[in-house]
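Here's the letter readout for the chains.
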Amino acid sequence: LLIITRRPGEKIMLGDDIVIEVIEVSGSSVRVGIAAPRSVPVYREEIWRAVKDENEAAAAVDRDQR
Amino acid sequence: VTPFTLEVPRFPPTDAAPQSIIEFPHGLIGIPGRRYALHESDAPFLVLQSIDDRTLSMPVTNPFRFVETYAIELSDHDGARLCARDPARASTYVTVRHDPELGRLVLNLRAPIVIVSGCGHQVINQAPDASLRAPIGA
Numbered sequence: 001l002l003i004i005t006r007r008p009g010e011k012i013m014l015g016d017d018i019v020i021e022v023i024e025v026s027g028s029s030v031r032v033g034i035a036a037p038r039s040v041p042v043y044r045e046e047i048w049r050a051v052k053d054e055n056e057a058a059a060a061v062d063r064d065q066r
Numbered sequence: 067v068t069p070f071t072l073e074v075p076r077f078p079p080t081d082a083a084p085q086s087i088i089e090f091p092h093g094l095i096g097i098p099g100r101r102y103a104l105h106e107s108d109a110p111f112l113v114l115q116s117i118d119d120r121t122l123s124m125p126v127t128n129p130f131r132f133v134e135t136y137a138i139e140l141s142d143h144d145g146a147r148l149c150a151r152d153p154a155r156a157s158t159y160v161t162v163r164h165d166p167e168l169g170r171l172v173l174n175l176r177a178p179i180v181i182v183s184g185c186g187h188q189v190i191n192q193a194p195d196a197s198l199r200a201p202i203g204a
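Residue numbers (our numbering), protein chains in the order written: chain S, 1 to 66; chain P, 67 to 204.
Hints in this document: simulated from the structure, not taken from any laboratory.
Incorrect hints may appear among the rest.
[As the list claims (entries may be wrong)] These stretches of chain S come out as covered by chain P in the derived footprint (C-beta under 8 Å, 3 or more residues):
| hint | stretch |
| --- | --- |
| 1 | 30-43 |
| 2 | 49-58 |
[Stated by the list, open to error] Anything over 12 Å on all C-beta distances counts as not near chain S; from chain P, calculated:
| hint | residue |
| --- | --- |
| 3 | Ile87 |
| 4 | Pro110 |
| 5 | Leu114 |
| 6 | Pro125 |
| 7 | Phe132 |
| 8 | Thr135 |
| 9 | Tyr136 |
| 10 | Asp144 |
| 11 | His164 |
| 12 | Pro166 |
| 13 | Arg199 |
All residues carry an ideal CB built from backbone N, CA and C; glycine is no exception.
So here's chain P without its partners, still in its complex pose (with noise of 0.2 Å):
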């Protein structure tokens, strides 16, 4: 996946599909916006464009398409906070950047955004194995 190069769009919001607006009642962690717009780019990669800052985007992207055993394991207590009554509605993505120390792609797979008809929540994965960091693309 290398060299890393990610053309990432800036829509105006207005531009935003509205099936394609998230909702963050708590926002990203650590974070500010509630609302962003989720846009494709270059596959696999989407952006996660806050609605409320047009300066802040994240790139994202479908872990289980780098890492098919990707599992994640919440607490009770985010378990319940998830909009998701039914799991299998659930879109699952992780953010994604070049680590320069690294000088590789690397996946946030300790923190998922979990996307359940357009309420979105950034968890904590429980799971034992589940790095801040993991470098894909060898």
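The following block holds chain S by itself, in its conformation from the complex (with noise of 0.2 Å):
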């Protein structure tokens, strides 16, 4: 795990072509703006694994019913 500190308006970069922002701190809250290629797909990490959760899932029930 890279643990990194940025302040509002400095930029962090993934490979060459995703640029992650800090846009505003406020509190606890820490807004965020990400510039990915459109062939990237970008989650919340609570919505990714929700719906990972659930597709996991809808995928069971068949295997239980071999």
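Join the two chains, each given in its own frame, into one complex according to the hints.
Now the structure itself:
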């Protein structure tokens, strides 16, 4: 896990194409801007996890019925 | 729609008609595999069968058959990601499963699977009332 400190307006590069920018820090919230190629899916982690769990549950139904 | 019985057919990949092979450039969310076959099953259900892993399949259905008011709102990023130049040609499916806690079939209206010209993406529906587990069949 890489942990780095950034201030509002500063950016992080993921490879050459993906830019993460800290837009605003307000209390316990951080607003982040993400510029990524359209081919790269971008998800909020909790939504990604909930959908992953739901997909696995849907797949498990018919595995159980074999 | 109770009791829930869904016999899921297991076709070998070679049985899949070429037009039913769907390429998912990014797979399904959190699920491995990029190539799936879409098979007819007990209507109104279909089966999305992984070609890479024959033990992996998911029942899907057309959400509009069950939720007349269903609407999909995509982020600009997701909208651009779809191979959809012509939304009218898109087919939309959602996963369906039996939820033991609810004792009902549930649809994942939050993450529809949009297929255009053999290219599929599972996207996040930004509509605020799109449920991850929408029960059907009262």
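Verify this label for me: Thr135/P is non-interface relative to chain S, using a Cβ-Cβ cutoff of 12 Å. holds, 21 Å
Chain S versus Pro110/P - minimum CB to CB distance exceeding 12 Å, so not interface: holds, 16 Å
How about the stretch 30-43 of chain S: do at least three of its residues have a C-beta closer than 8 Å to a C-beta of chain P? That given contact holds, which follows from 6 residues of the stretch 30-43 of chain S lying within Cβ reach (below 8 Å) of chain P.
Determine whether the non-interface label on Leu114/P survives the test: each CB of chain S must be over 12 Å from its CB. Given that some Cβ of chain S is not farther than 12 Å from that of Leu114/P, nearest at about 9 Å, it is violated.
According to the definition I'm using, a residue is off the interface if its beta carbon is farther than 12 Å from all beta carbons of the partner; does Pro125/P meet that for chain S? The assertion about Pro125/P is violated, with a minimum of 6 Å to chain S.
When you look at the beta carbon of Ile87/P, is every beta carbon of chain S farther off than 12 Å? Holds, since 19 Å exceeds 12 Å.
Confirm or reject: Phe132/P is not an interface residue toward chain S, with every Cβ-Cβ distance exceeding 12 Å. holds, 15 Å
Hey, is Asp144/P genuinely clear of chain S, shortest beta carbon separation above 12 Å? Violated, because the least Cβ-Cβ distance between Asp144/P and chain S comes to about 8 Å, which does not exceed 12 Å.
Check of the stretch 49-58 of chain S against chain P for coverage (Cβ-Cβ below 8 Å, three residues minimum): This one holds; 10 residues, not fewer than the three required, reach chain P with a Cβ under 8 Å.
Beyond 12 Å from every Cβ of chain S: is that where the Cβ of Tyr136/P lies? holds, 17 Å
Find the nearest Cβ of chain S to the Cβ of His164/P and say whether that gap is larger than 12 Å. violated, 6 Å
Against chain S, does Arg199/P keep a CB gap of more than 12 Å to every residue? violated, 7 Å
Hint compliance for this structure: hints 5, 6, 10, 11, 12 and 13 are not met, and every other hint is.
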